[in-house]
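Student: Sequence:
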Amino acid sequence: MGTAGAVTAGRRLRPGGRRAATSTAGPELRPAYYAAGRTGGWRDWWTLLHPPYTAWHLSYVVIGASLAPHVQLSRLVATLLAFFLAVGIAAHALDELHGRPLKTEIHSGVLVAVSAVALAGAIALGVIGVSRVGWPLLPFIVIGPLLVMAYNAEWFGGLVHTDSGFALAWGVFPVLTAYLAQADRLSWAALLGGAGAFGLSTVQRALSTPARFVRRRVVDVEGRVVLSDGSTQAVDRAMLIQPLERALRLMSWSVVLLAAALAVARLG
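Each residue of the sequence shown is one higher than the one before, starting from 1397 at the first, in this note's numbering.
Quick caveat, the hints were computed from the structure, so don't treat them as lab data.
Please note that the accuracy of each hint is not assured.
[Claimed, not checked] FRET-style restraints, in silico, Cβ to Cβ: (1) Ala1509 - Ala1643: 34 to 40 Å; (2) Trp1438 - His1494: 34 to 40 Å; (3) Trp1441 - Trp1551: 23 to 29 Å; (4) Leu1654 - Asp1580: 23 to 29 Å; (5) Arg1434 - Val1615: 16 to 22 Å; (6) Trp1442 - Ala1657: 24 to 30 Å; (7) Leu1582 - Ile1524: 17 to 23 Å; (8) Ser1504 - Leu1534: 31 to 37 Å; (9) Ala1509 - Trp1442: 15 to 21 Å; (10) His1494 - Gly1664: 38 to 44 Å; (11) Leu1623 - Gly1437: 32 to 38 Å.
Ideal Cβ positions, reconstructed from N, Cα and C, are used throughout, including at glycine.
Could you build the full structure based on these sequences and the hints that come with them?
Tutor: Here it is in structure tokens:
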């Protein structure tokens, strides 16, 4: 199968060839498939929370806790709340502050305040956790906020803001922290669970990065796909983005359902 085409980010390109390419410029896409259709008010906060991705990464907390020999509901709820504050609110507010990728109308000062309060709340829950779990949890209380700042504020020259940094911060770290909060120690089961979360998070990043590129930077697509029977099919933004986001939707629901099944099995 042969292909011909061009993706334009900010200006139009004319691909060469004997056949005329098809222009598929369309209206500006929402910055994310889960983003509210309009900006302002509660819609901005919904979009800021990245609901499917927040649920996905909170699921790693449930999975990590469920791998422990014994599961205490109070510890699980506290860990979930801490990660919701740190990842769901603080990290996403910092990310929006850095370049406005979601194009919300939330004031920068509000984003800073929300980030600070949410991160402080997560740390406070961690400190309470140390009093229950013991000193092994203390390094995680330090590493967690550092990962939030290093990744989302792109500290250290963006050293952590990479595919591997994403997988470690939002995949491995929740699994290990949640397991430790239950078992007071780590084990091979926790490490294997963390490795699985690393793989899933790496796949998430591999799908979401090109999807965000098309949604947020590409304004026009020109080209065609030439099939083996000689027929052609126009290439447009929908063709580029739909399989990526369909996989992301399915994966987010699948991980959440897996976590729910484990929680029911362990707590039921």
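Student: Are Trp1442 and Ala1657 spaced within 24 to 30 Å by their CB atoms?
Tutor: Cβ of Trp1442 to Cβ of Ala1657: about 27 Å, so the range 24 to 30 Å holds.
Student: Please check whether Arg1434 and Val1615 have a Cβ separation lying inside 16 to 22 Å.
Tutor: Check passed, 20 Å falls within 16 to 22 Å.
Student: Note whether the CB distance of His1494 and Gly1664 lies within 38 to 44 Å or breaks it.
Tutor: holds, 42 Å
Student: Do Ala1509 and Trp1442 keep their Cβ atoms within the hinted range of 15 to 21 Å?
Tutor: holds, 19 Å
Student: Using the Cβ atoms, figure out if Trp1441 sits within 23 to 29 Å of Trp1551.
Tutor: About 25 Å separates the Cβ atoms of Trp1441 and Trp1551, which means 23 to 29 Å holds.
Student: Given the hint of 17 to 23 Å, is the C-beta distance from Leu1582 to Ile1524 inside that range or not?
Tutor: Holds: the Cβ-Cβ distance is about 20 Å, inside 17 to 23 Å.
Student: Take a look at whether the Cβ-Cβ distance between Trp1438 and His1494 falls inside 34 to 40 Å.
Tutor: violated, 23 Å
Student: So does Ala1509 sit 34 to 40 Å from Ala1643, Cβ to Cβ?
Tutor: Given about 36 Å between the Cβ atoms, the range holds.
Student: Using the Cβ atoms, figure out if Leu1623 sits within 32 to 38 Å of Gly1437.
Tutor: Since Leu1623 and Gly1437 have Cβ atoms about 47 Å apart, the given range 32 to 38 Å is violated.
Student: Just tell me: holds or violated, for the beta carbon distance of Ser1504 and Leu1534 against 31 to 37 Å?
Tutor: holds, 33 Å
Student: Using the beta carbons of Leu1654 and Asp1580, state whether their distance is inside 23 to 29 Å or not.
Tutor: At roughly 25 Å between Cβ atoms, Asp1580 and Leu1654 fall inside 23 to 29 Å, so the hint holds.
When each numbered hint is compared with the structure, violations occur for hints 2, 11.
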